[in-house]
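Same order as they appear, the protein sequences are chains A and D.
Residues 1 to 383 (the numbering used here) are what the first sequence spells out, left to right.
Residues 1 to 146 (the numbering used here) are what the second sequence spells out, left to right.
In short, the hints are calculated from the structure, not lab data.
Note that the Cβ used here is the ideal one computed from N, Cα and C, for glycine as well.
Treat the hints with care, as some may be off.
In silico contact screen, one side only, chain A against chain D (beta carbon under 7 Å); selected entries [to be verified]:
| # | residue |
| --- | --- |
| 1 | Val36 |
| 2 | Gly39 |
| 3 | Lys47 |
| 4 | Gln56 |
| 5 | Tyr211 |
| 6 | Lys322 |
| 7 | Asn333 |
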Amino acid sequence: MKTSIEIPVGPQHPALHEPLMLKVRVDGEHVENVQVITGYNHRGIEKLGESKSFLQAMYVFGRVCGICNIVHQLTYVQVLEKIGNIEVPPRARYLRSLVSELERIHSHLLVLAVEAEIMGFQSLFMLIMRDREPVMKLKEIVTGQRVVADFMWPGGVKRDIDDQKIQTIKKTLDLLKVRMKKYKQVFSEDSTVLNRLKGVGIIKKNEAVQYGLVGPTARGSGVKTDIRKDEPYAAFGEIPFNLITYSEGDSWARMLVRIDEIFESINIIEYLLDHLPTGPIAPKFIKRRYPEGEAISRSEAPRGELLYHMISKGGDKPYRVKVRTPSFPNILNGSRIAFRDVVLADVPVIFGSFDPCISCMERIIVVNQNGDERIINIRELRK
Amino acid sequence: MSSIKDFLIEKKLEFSEKENRIIVSIPKERIKDTIKELWNRFNNKMYLATITGIDYIEQNIFEIDYEIWFYDYKTLLIIKTDIPRDQPFLDSIIDIIPGAIPYEQEIYDLLGVEFKGNKYLRKGFFVPSSIINVCPLRKDWQSDKK
């Protein structure tokens with residue numbers, strides 16, 4: 001007799017570090033269906049952005065995600081620069097690319113560590129997290145902040161770097177490169193990793209296109225997509241680097257894309273530091289009012305394509321800001337196709353291989369309790 | 001890029017260009033057919049980047065923008081359509097592009113536009129079930145009431 005039961009994974013669960021629920025329907029160990037339940041962490045950011053001035057909203061959108069805050073703020077100021085016709089000085093463009101790549105390295109290291117932990121490989125988790133910290137430190141050296149950087153201005157960046165900082169960055173990345181070679185060997189050869197990741201959660205190339213997957217999740221299925229190449233922004237149009245793709249489409253390929261991208265990011269940073277132009281890093285005056293207009297800006301966040309669509313009706317406030325984060329299609333659409341022919345123990349591993357970022361995906365929550373309409377935060381929501 | 005323009009000329013659609021963007025406005029009745037023909041012609045060469053819903057309360061319309069990226073042509077096609085605010089209905093495209101499911105769900109939940117044919121639509125998808133009767137992204141709804 002065939003019987004199936006439903007197992008909730010989340011919203012707070014050891015295998016998922018963020019508030020999201022997977023309703024997994026299983027028949028024995030075999031997974032029949034996975035349903036993603038969202039709505040635990042909405043913060044009303046798109047609506048909030050409409051009530052703030054252009055510059056205040058810059059700080060709001062810089063807080064959509066803690067891990068990839070640089071790229072959110074960068075994409076937001078890029079959309080302002082398009083509407084306001086603002087030129088960015090070359091040195092500022094190079095510094096923008098530099099911090100974006102530092103962010104990509106520490107974000108990729110984080111998901112490699114988390115995936116190792118989910119696999120039950122605790123020592124690998126510890127080692128990767130140890131090597132992530134110096135990169136966070138580099139981010140602090142360049143931007144002044146370890147996590148939420150607030151590094152961008154419309155038309156430039158806020159802080160410059162000097163020779164001493166350049167030497168520190170190069171020295172730290174030299175050590176990371178050596179360590180990353182070791183981690184690549186572990187992910188390519190270790191039997192624990194291969195048994196847990198190889199052939200698990202396969203997404204075919206045509207499915208990745210149909211479901212609009214982006215970033216390393218799509219590149220792991222062989223889709224050649226990278227906004228740094230497709231629609232170069234900051235200084236990426238002037239930097240030689242390789243587009244990493246793997247054709248396997250499984251969880252292992254998605255992790256290997258990220259490992260190879262860390263090597264590419266290190267090379268990009270070395271190139272940027274060797275070719276850093278001189279000159280100003282920001283305009284003399286920061287524009288506060290913007291003309292009427294509409295613009296779309298895209299950039300390659302660590303998790304994939306990030307898209308901002310802004311409508312301005314003139315004045316000092318945006319009329320509408322749409323944010324499409326990479327985790328949105330990757331989590332919601334990826335979950336529709338990746339959980340086929342898998343067992344229950346594979347579910348967190350596959351989900352982790354999407355590099356899910358719930359705070360990126362969920363941005364809007366407006367709660368009406370007893371007739372009071374207000375925006376609430378996650379702490380209140382948990383009570 | 002020229003093949004996309006050829007397609008739009010063939011369909012007698014007026015479009016404008018800006019950098020690597022092509023912007024085209026289509027009446028709501030033709031949205032589904034146009035996207036279907038586009039998908040058949042450029043199969044596996046394009047993906048739906050997002051759907052944006054905008055509330056133009058002064059004109060009494062919702063504007064729905066379909067943003068489609070073409071991998072080979074490095075071009076973003078923006079298909080715009082208007083629907084009246086008092087009749088917020090539009091044909092769903094999920095049977096053509098399954099990747100549209102969460103975008104339509106988000107617009108339904110936050111802006112209150114119903115996509116006919118999308119069985120996955122539900123209120124409370126992004127906002128908690130206690131506020132199912134409001135559409136937070138509509139301009140006539142303000143969150144700062146005390």
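Evaluation of the provided hints:
1. Val36: violated (9 Å)
2. Gly39: holds (5 Å)
3. Lys47: holds (6 Å)
4. Gln56: Violated, because the Cβ-Cβ distance from Gln56 of chain A to chain D comes to roughly 14 Å (cut-off 7 Å).
5. Tyr211: Since chain D brings a Cβ to about 4 Å from Tyr211 of chain A, closer than 7 Å, the hint holds.
6. Lys322: holds (4 Å)
7. Asn333: Hint holds; Asn333 of chain A Cβ to chain D Cβ min 5 Å, cut 7 Å.
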